[in-house]
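Visitor: For the sequence shown, our numbering gives the first residue as 1, with consecutive numbering after it.
Derived by calculation from the structure, the hints in this document are not laboratory data. Treat the hints loosely; a few may be bogus.
Derived lysine to any residue pairs resembling SDA-like cross-links, with alpha carbons at most 20 angstroms apart [claimed, not checked]:
| hint | residue 1 | residue 2 |
| --- | --- | --- |
| 1 | Lys57 | Ser109 |
| 2 | Lys57 | Leu210 |
| 3 | Lys57 | Ala158 |
| 4 | Lys57 | Phe175 |
| 5 | Lys57 | Ala178 |
| 6 | Lys57 | Val69 |
| 7 | Lys57 | Ile107 |
| 8 | Lys57 | Asp183 |
| 9 | Lys57 | Ala108 |
| 10 | Lys57 | Ala205 |
| 11 | Lys57 | Met105 |
| 12 | Lys57 | His179 |
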Amino acid sequence: MTMDTIRLIEMLAGDKRQWPPDPTFALRRATGLAIALAAAIIFLTLSIRPDLAIVAKTPGFAWKLAATVSLGVSAFGLVLRVSRPGDEWRLAAANLTVAPMVLAMGIASDFLPRSAILSSVSTNPNGFVCLASIVLAGLAPFGIIVAALRQGAPTNPALAGAVAGLLAGGIAATFFIAHCVSDSLLFVATWYTLASVTLAALGAAVALRLVRW
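Make the full structure from the sequences, and use the hints.
Guide: What follows is the structure, encoded as structure tokens:
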């Protein structure tokens, strides 16, 4: 064994940096910035519904808020897992079912007439506005989260990017509620979900190029 090889081994042994790197701190900080940025984008570009103080006390609003927050929280827990190689993420992935279950329970308890519920999805022109608004508001937060992911070592970049998109979608959707005038939970289940899935698909595609170990 040559002296150069011995010196290299000693240098590596003396390097106390953690490898693979743990991006937990970076992701926590990025998520905080993403929340602040999404709030600024929503509140500076969209109007707040005038009856927000009233509807905020209704069950429908509570269901919407619970669904979007649960999506964001579960996606955050999962993105921490998938950012580290060898970390078990499947149990955390099961938490993503919480948001759909919340919406399902909310829809089951929705007291709006069935005709009104269906028309809110099929003929409501706000659907595409909702979809576009959440996606656009989620792009910058998504970029911040992906930048933090690059400090980790995800073994499945597409999965990590998709979860980052879901996290950004959950954050943007939570603040978009303050603008959204539709109180139908079926509307939320349709258009909010489409927006989050769009960001997840975008995240998977982007991460394949940008998030590599």
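Visitor: Hint by hint, which ones does this structure get wrong, listed from lowest number up?
Guide: Violated hints (numbers, rising): 2, 3 and 10; every other hint is consistent with the structure.
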